[in-house]
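**Student:** Numbering that gives the first Met the number 0 puts the first residue of the sequence shown at 0, with every later residue one more than the last.
Please note that the accuracy of each hint is not assured.
Unchecked claim - The list that follows gives simulated cross-link-like pairs (lysine to any residue, SDA-like), each with its CA atoms no further than 25 Å apart:
| id | residue 1 | residue 2 |
| --- | --- | --- |
| 1 | Lys-106 | Arg-300 |
| 2 | Lys-171 | Arg-215 |
| 3 | Lys-283 | Ala-69 |
| 4 | Lys-95 | Leu-190 |
| 5 | Lys-95 | Ala-41 |
| 6 | Lys-95 | Leu-66 |
| 7 | Lys-384 | Arg-109 |
| 8 | Lys-95 | Lys-106 |
| 9 | Lys-283 | Asn-302 |
| 10 | Lys-376 | Pro-103 |
| 11 | Lys-106 | Glu-313 |
| 12 | Lys-171 | Phe-146 |
| 13 | Lys-375 | Asn-247 |
| 14 | Lys-283 | Pro-51 |
| 15 | Lys-376 | Gly-357 |
| 16 | Lys-375 | Lys-171 |
| 17 | Lys-171 | Arg-105 |
| 18 | Lys-429 | Gly-414 |
| 19 | Lys-429 | Val-401 |
| 20 | Lys-283 | Lys-376 |
| 21 | Lys-171 | Arg-200 |
| 22 | Lys-376 | Leu-273 |
| 23 | Lys-283 | Gln-243 |
| 24 | Lys-106 | Asn-302 |
| 25 | Lys-283 | Leu-66 |
| 26 | Lys-375 | Val-42 |
| 27 | Lys-283 | Ala-85 |
| 28 | Lys-171 | Thr-195 |
| 29 | Lys-376 | Lys-171 |
| 30 | Lys-283 | Lys-429 |
| 31 | Lys-106 | Glu-81 |
| 32 | Lys-376 | Arg-200 |
| 33 | Lys-283 | Lys-95 |
| 34 | Lys-95 | Arg-109 |
| 35 | Lys-384 | Glu-313 |
| 36 | Lys-283 | Ser-311 |
| 37 | Lys-384 | Leu-273 |
| 38 | Lys-171 | Ala-108 |
Keep in mind that the hints were calculated from the coordinates and are not lab data.
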Amino acid sequence: MKVAATTALGGRHVLRCVHCAAAQQASDLLFQCAQCHELLEAVYPDWIPLAPEAAQRLRQTWRERRLSNAPEDVSGVWRYRELLPAIAPTHIVTLKEGNTPLWPLRKAARSLGLEHLWIKHQGMNPTGSFKDTGMAAALSMARAEGFDCVCCASTGNTSASMAAYAAHAGMKSIVLLPAGYVTAGKLGQALEFGATVLQLRTDFDGCLELLHEVVRRFRAYLLNSLNPYRLEGQKTVAFELLDQLDWNVPDHVIVPGGNLGNSSALGKGMIELLDLGLIDRLPKISIIQAAGANPLVRTMRENGGSRLITVSPETRATAIRIGNPASWRKAVNVLRRTGGACEDVTEDEIATAKAELGAEGIGCEPASATTLAGLKKLVRAGFVKTNDTVVLILTGNMLKDVDYMLERGGNQFHGPLDADPELITRTLEKLYAGH
Numbered sequence: 000m001k002v003a004a005t006t007a008l009g010g011r012h013v014l015r016c017v018h019c020a021a022a023q024q025a026s027d028l029l030f031q032c033a034q035c036h037e038l039l040e041a042v043y044p045d046w047i048p049l050a051p052e053a054a055q056r057l058r059q060t061w062r063e064r065r066l067s068n069a070p071e072d073v074s075g076v077w078r079y080r081e082l083l084p085a086i087a088p089t090h091i092v093t094l095k096e097g098n099t100p101l102w103p104l105r106k107a108a109r110s111l112g113l114e115h116l117w118i119k120h121q122g123m124n125p126t127g128s129f130k131d132t133g134m135a136a137a138l139s140m141a142r143a144e145g146f147d148c149v150c151c152a153s154t155g156n157t158s159a160s161m162a163a164y165a166a167h168a169g170m171k172s173i174v175l176l177p178a179g180y181v182t183a184g185k186l187g188q189a190l191e192f193g194a195t196v197l198q199l200r201t202d203f204d205g206c207l208e209l210l211h212e213v214v215r216r217f218r219a220y221l222l223n224s225l226n227p228y229r230l231e232g233q234k235t236v237a238f239e240l241l242d243q244l245d246w247n248v249p250d251h252v253i254v255p256g257g258n259l260g261n262s263s264a265l266g267k268g269m270i271e272l273l274d275l276g277l278i279d280r281l282p283k284i285s286i287i288q289a290a291g292a293n294p295l296v297r298t299m300r301e302n303g304g305s306r307l308i309t310v311s312p313e314t315r316a317t318a319i320r321i322g323n324p325a326s327w328r329k330a331v332n333v334l335r336r337t338g339g340a341c342e343d344v345t346e347d348e349i350a351t352a353k354a355e356l357g358a359e360g361i362g363c364e365p366a367s368a369t370t371l372a373g374l375k376k377l378v379r380a381g382f383v384k385t386n387d388t389v390v391l392i393l394t395g396n397m398l399k400d401v402d403y404m405l406e407r408g409g410n411q412f413h414g415p416l417d418a419d420p421e422l423i424t425r426t427l428e429k430l431y432a433g434h
């Protein structure tokens, strides 16, 4: 195979079907294959493996951009623009997304007997979720294609992110939500950023199906994760993570699984880094779902990933309350290519893991806590070993679901008490007796 001598990457891309591999010169409004109607992905036919010195120059370029104040360099997405579709600078939309912290998880590591446990907190993005990295890329593409209105179906995080980026770009946004199943925090974000919100008497999967019909009748650019440009932005978490680890590949990366765009994007990013010669091996990417919303887990267990088994989802982890995930086939490919595991965890296991993260000063929404809950099962099964380096991806901020935290305050929450210092002192002495 020919080896590249420079770092001239990016630019020309084509959309290709993830199922039949048919190339699409242009997609329809639903981003579906013209032959088999499956999802599309962006591929870069001009890419060739980099010579070692070229790979090192590219890694150094990305590192140097951290010190730049140019908007495209400050962005944790556009910083890696060599590996993204080319878009004119005038069309780029950014809220300085990415740049999320990588923290050691010490108490949990000791409890599990692990030597190297990290969390990558995507909930530290501008609107509080990983969706922002994908939105930066896809909404920029919408602007480049001349759209002035964008739309999505959402369990909450997508709508919050889309509305913020649309507002920043001076565009209109339309959201379809399942009535009664979106937290007040997420709904409030979409409203604050000026979105038109329609609450529907159906679940997320029903909202997405209806949205398909709407975009055929109303000119708006679809921004759900079946849009391949969403995943192009979201894949940059792989680049940023490796950059933060000085390009030492972890043994395991564990992510929550809902509509499965995030795990698909992470896998795509890692595979592209390997194919280009920027890393020498892949981490095992494992996907964790809630037991009440586990279509991928059932699909892998019951037929090895050949046919999606949909479910009627029910979980308090509303961000992953999805029974018919759009990106399931992409996620199956990631599991197969990286050798990752697919597990589900109960509501109690999620709540316990969330509390354990909180005890380390790290807040997240319930869906994110599935990663720690799932890690426990993978350690018990021997899939994760003591000396493995493990990274958990937290996808949403704790303030996304305040009600969940208040419901589980337990014996930490007291009162109301009289405004009496002696009473307060006696209460505290009683609470802390023996500590």
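**Student:** Decide, hint by hint, whether the structure agrees.
**Tutor:** Hint check results:
1. Lys-106 to Arg-300: Cα-Cα ~32 Å, so violated.
2. Lys-171 to Arg-215: Holds: Lys-171 and Arg-215 sit about 17 Å apart, inside 25 Å.
3. Lys-283 to Ala-69: Answer violated: Lys-283 to Ala-69 is near 34 Å, above 25 Å.
4. Lys-95 to Leu-190: Status holds; Cα separation ~21 Å.
5. Lys-95 to Ala-41: Since the Cα atoms of Lys-95 and Ala-41 sit roughly 23 Å apart, the hinted pair holds (cutoff 25 Å).
6. Lys-95 to Leu-66: holds, 13 Å
7. Lys-384 to Arg-109: Judged against 25 Å, a Cα distance of about 13 Å means the pair holds.
8. Lys-95 to Lys-106: Violated, because 31 Å separates the two Cα atoms, which is more than 25 Å.
9. Lys-283 to Asn-302: holds, 21 Å
10. Lys-376 to Pro-103: Roughly 20 Å separates the two Cα atoms, so the pair holds.
11. Lys-106 to Glu-313: Violated: Lys-106 and Glu-313 sit about 30 Å apart, past 25 Å.
12. Lys-171 to Phe-146: holds, 9 Å
13. Lys-375 to Asn-247: It holds: about 24 Å lies between the C-alpha atoms, which stays within 25 Å.
14. Lys-283 to Pro-51: Answer holds: Lys-283 to Pro-51 is near 24 Å, not above 25 Å.
15. Lys-376 to Gly-357: holds, 20 Å
16. Lys-375 to Lys-171: Cα-Cα ~43 Å, so violated.
17. Lys-171 to Arg-105: violated, 44 Å
18. Lys-429 to Gly-414: holds, 14 Å
19. Lys-429 to Val-401: The given pair, whose Cα atoms are some 28 Å apart, is violated under the 25 Å limit.
20. Lys-283 to Lys-376: holds, 15 Å
21. Lys-171 to Arg-200: holds, 24 Å
22. Lys-376 to Leu-273: violated, 28 Å
23. Lys-283 to Gln-243: Satisfied, since the Cα-Cα distance of roughly 18 Å is no more than 25 Å.
24. Lys-106 to Asn-302: The hint is violated at about 37 Å.
25. Lys-283 to Leu-66: Violated, because 31 Å separates the two Cα atoms, which is more than 25 Å.
26. Lys-375 to Val-42: violated, 36 Å
27. Lys-283 to Ala-85: violated, 30 Å
28. Lys-171 to Thr-195: Distance ~8 Å between Lys-171 and Thr-195 Cα, so the pair holds.
29. Lys-376 to Lys-171: Violated: Lys-376 and Lys-171 sit about 44 Å apart, past 25 Å.
30. Lys-283 to Lys-429: violated, 48 Å
31. Lys-106 to Glu-81: violated, 38 Å
32. Lys-376 to Arg-200: Distance ~36 Å between Lys-376 and Arg-200 Cα, so the pair is violated.
33. Lys-283 to Lys-95: violated, 29 Å
34. Lys-95 to Arg-109: violated, 34 Å
35. Lys-384 to Glu-313: violated, 32 Å
36. Lys-283 to Ser-311: With Cα atoms ~29 Å apart, Lys-283 and Ser-311 exceed 25 Å; violated.
37. Lys-384 to Leu-273: holds, 23 Å
38. Lys-171 to Ala-108: Not satisfied, since the Cα-Cα distance of roughly 45 Å exceeds 25 Å.
In this structure, the earlier hints numbered 1, 3, 8, 11, 16, 17, 19, 22, 24, 25, 26, 27, 29, 30, 31, 32, 33, 34, 35, 36 and 38 are contradicted, and the remaining ones agree with it.
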